[in-house]
Amino acid sequence: MASANSRRAAALIRTRARANREQGRVRRAVITAARRVRTGPRSLATHIIATGAPLDVVAGAADALRTQARKAGIRGRAARIRRTLRGHARRVVTVYRYTAEQVAQIVANYKPRKAEYKAIRAALAAA
1 MASANSRRAA ALIRTRARAN REQGRVRRAV ITAARRVRTG PRSLATHIIA
51 TGAPLDVVAG AADALRTQAR KAGIRGRAAR IRRTLRGHAR RVVTVYRYTA
101 EQVAQIVANY KPRKAEYKAI RAALAAA
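Per our numbering, the sequence shown starts with residue 1, numbered consecutively.
FYI, nobody ran anything at the bench for these hints, they're computed from the structure.
Cβ atoms here follow ideal geometry from the backbone N, Cα and C, with glycine treated the same way.
Check before you lean on any hint, since a few could be wrong.
Claimed, not checked - Okay, derived cross-link-like pairs now, SDA-like style, lysine to any residue, Cα gap no bigger than 25 Å in a straight line:
1. Lys111 <-> Arg90
2. Lys71 <-> Lys111
3. Lys111 <-> Arg70
4. Lys111 <-> Arg66
5. Lys111 <-> Ala62
6. Lys111 <-> Thr84
Unchecked claim - Here are the simulated distance ranges between beta carbons:
7. Arg82 <-> Arg21: 52 to 62 Å
8. Lys118 <-> Thr15: 50 to 60 Å
9. Arg80 <-> Ala4: 27 to 37 Å
Turn these sequences into a full structure, and let the hints steer you where they fit.
This is how it looks when you write it as structure tokens:
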């Protein structure tokens, strides 16, 4: 009888250990993803979203920053992705990722007129 209880106890310990290892893997993955977003190159839209800007103005602000980047001669790191168009044709598209320092240079030249874009500029300059 004691051996059945000890087997049950060992199985319980194994199950708990397995669950703890899984939780640790998930926690490390979240921490790694957050660090990558903070430190690695990202698209201009992602930088803007990280400031907490409303999603309806992100595309317009990103276009304006992209124009300023082109004027300043700042090129982000090129990456190739496969973009789906209306659920069809996963086309290879070249996109550009910008570091926080590059975004700071772009924002220095950016003089928006709209109030929402001015708030985004201030948040990007502070970041």
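Report task. Run the structure past the numbered hints and jot down the numbers of the failing ones, going up. Result -> Hints 1, 6, 7 and 9 contradicted; others consistent.
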